[in-house]
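Peer 1: Heads up: the sequence lines are chains A and B, in that order.
Be aware that the first sequence starts at 1, since it is given in the working numbering, and climbs by one per residue.
Be aware that the second sequence starts at 307, since it is given in the working numbering, and climbs by one per residue.
Keep in mind the hints are simulated off the structure, nothing from the lab.
Some hints could be false.
[What the hints assert, rightly or not] Pairwise CB distance ranges (calculated): (1) A:ALA282 with B:LYS434: 23 to 31 Å; (2) A:LEU199 with B:ALA391: 58 to 66 Å; (3) B:TRP399 with A:TRP215: 54 to 62 Å; (4) B:TYR464 with A:TRP215: 57 to 65 Å; (5) B:PHE535 with A:GLY38: 47 to 55 Å; (6) A:GLN67 with B:ASN430: 47 to 55 Å; (7) A:SER131 with B:GLY379: 53 to 61 Å.
Cβ coordinates follow ideal geometry from the N, Cα and C atoms, glycine included.
Spelled out, the chains give:
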Amino acid sequence: MTSPTSLPVIAQTSGKAAAEWQRKRRRVSVGGTQRRPGWVTYLLLSLVILISIFPLYYVVLLASSDQVTISRSIIPSWIPQGNFFENIDKVFNGAIPVLKGFTNSLIIAVIQSVSVVIFSTLAGYSFAKLSFRGRGPLLVFVIATMAVPVQLGVVPLFIVMSQLGWSGKIIAVIVPGLVTAFGVFWMTQYLENALPYELVEAARVDGASMIRTFWHVAVPAARPAAAMLALFTFIGSWVNYFWPFIILNQQNPTLPMVTKLLQSGYHTDYSLIMAGVAISTAPLLVLFFLAGRQLVAGIMQGAVKG
Amino acid sequence: MAVQSPPQAPRAKSSPDRRPTRIAFSQRLGRWDVKVSPYLYISPFFILFAITGLFPLLYTGYISVHQWHTLGGQGDFVGLENFAAVLDQTSFWKALRNTFSIFLLSSVPQVIAAIIIAAILNANLRAKTFWRMGVLLPYIVAPIAVGLIFGRIFADQYGLANGLLDLLGMGPIRWHSDVIPSHFAIATMVNFRWTGYNTLIFLAAMQAIPSDLYEAAIIDGAGRLRQFFSITIPQLRATIIFVVITSTIGGLQIFDEARAFDTQGTGGADKQWLTLTMYIHELGWGNQLNFGRAAAVAWLLFLIIVVIGIINFFITSKISTSGSRTPKKVKKGVKR
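With the hints as constraints, model all of the structure from the sequences given.
Peer 2: Next up, the structure:
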């Protein structure tokens, strides 16, 4: 019983028999990539996707309905009704500062994405391609910090922010998210493989300074990973609730805070609550349709939960 | 060679005596550049992390052994009194129970479902990207929004879940008053958001399994199920452990979904779904306004995470030393 595939391979290296063998091989490999799956597979997958889409569709259904209809029935209607934009309008013109939340979330997410990308690329390049004393232990330290949840330090962080006078201001949300250990690790991993030492050395031999080498050699190489990191950071920042909820107030909220405020405010009118959910989800939905392919590729490369 | 470099020329401006010193100076500058630059590049991360991550973590320990009113500030040193007080409250134990229960109800089905969906996705599908994106869609919904949506689906009256049970001829479940149903509902929210994400991680690992393993198995007469359990699952061991570790860390922090489950956001009338993170918030910013106790719970949560991390580490290292069959590619993908 020594490797069963080898005999026929040797016997049929050319001609019709080889072609026949190739075809058989193709049919045989189930776990491989050759055979097209049957309809059952597509049915199962459709079911999975239905489950992942349905809650969002349910949001649209409720958000396009009205309070009276919702309070009477479980599913107001299977087809979206006409009140969607009216409800959105109501939410924007209500007592809760939705627009403020929207701009706050946008500002925070953009600043954090840019900052994480810049600092992570710098640090990642340094860890991946430069030699310096303490590189190993410092990198281990970075990785270890990825396991430490933010919430463990909320009490002192709150005290620090209050003493700086930042309590209630969005800068208190921005600063703790300016760097992430995940970002540094992500860029280190990427540049380790994507940037050959030869390129760095060539630039150095040509007399480029360190920062010039970084800018003209490392940054172009890092671009795909940087785009991915920006995407992940943006999403993570956009959906973040716990820390903004603690340090900000109801007059100066972020979008996740707004949706929760809607719930406690109009706790009987689900059409307005779901309109709020739609408002907060729509921007990421757009981003998802534009860059979903890259997001999938990023996770497939082995992203870690932020 | 350094002399010819354009970017170094302006730097040497300061030296008055041109030729000889310029070489020496630019060389010294270059050496200094090489030595210091790496530290300069990593310093933004370490400085910011020290201020916003490391310092708060250590300071939490300091606060936890002091009397500390949220508004009044620091009081006397009280030793382990805060810890004792917290361990004495039933809410703490309820929160601990809830956290572990929700975590188990979410991570176990999630990992199983993710592996199965990944196995289905691993076929040679048409429109691959479409299916992968479809699976990932829930990931972009904010946990607080997921909480609101599912809070409605699992409403006690006029909820979709109870409506469905009614169609099946079963009585309604009291999602918001009973312990296990509330945990199930919250775990469903977590599963909704993360299953697709983990599916893609498993899918990546599955695609790294060499296809000759399957070919050999087929020639040996193994059916699909046998292939799945004898090849796919063992080859995925490292990835499974990785996903379990990340979902453990995430699972012990559940806050958003549980808070949005009802309008009050305090974990239910009888603390049925109060989680440890919610408890930290309640102690520090809720009725008690007691930062000392909040910090004590934060430290206890940290210890729990460390202990579980160590257990995970030992299991991982044991498996990785005994299971040398795992191909390198898979291991690498997992480490990320």
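Peer 1: Hint by hint, note whether the structure agrees.
Peer 2: Hint check:
| no. | hint | verdict |
| --- | --- | --- |
| 1 | A:ALA282 with B:LYS434: 23 to 31 Å | holds (26 Å) |
| 2 | A:LEU199 with B:ALA391: 58 to 66 Å | holds (60 Å) |
| 3 | B:TRP399 with A:TRP215: 54 to 62 Å | holds (55 Å) |
| 4 | B:TYR464 with A:TRP215: 57 to 65 Å | holds (59 Å) |
| 5 | B:PHE535 with A:GLY38: 47 to 55 Å | violated (21 Å) |
| 6 | A:GLN67 with B:ASN430: 47 to 55 Å | holds (49 Å) |
| 7 | A:SER131 with B:GLY379: 53 to 61 Å | violated (47 Å) |
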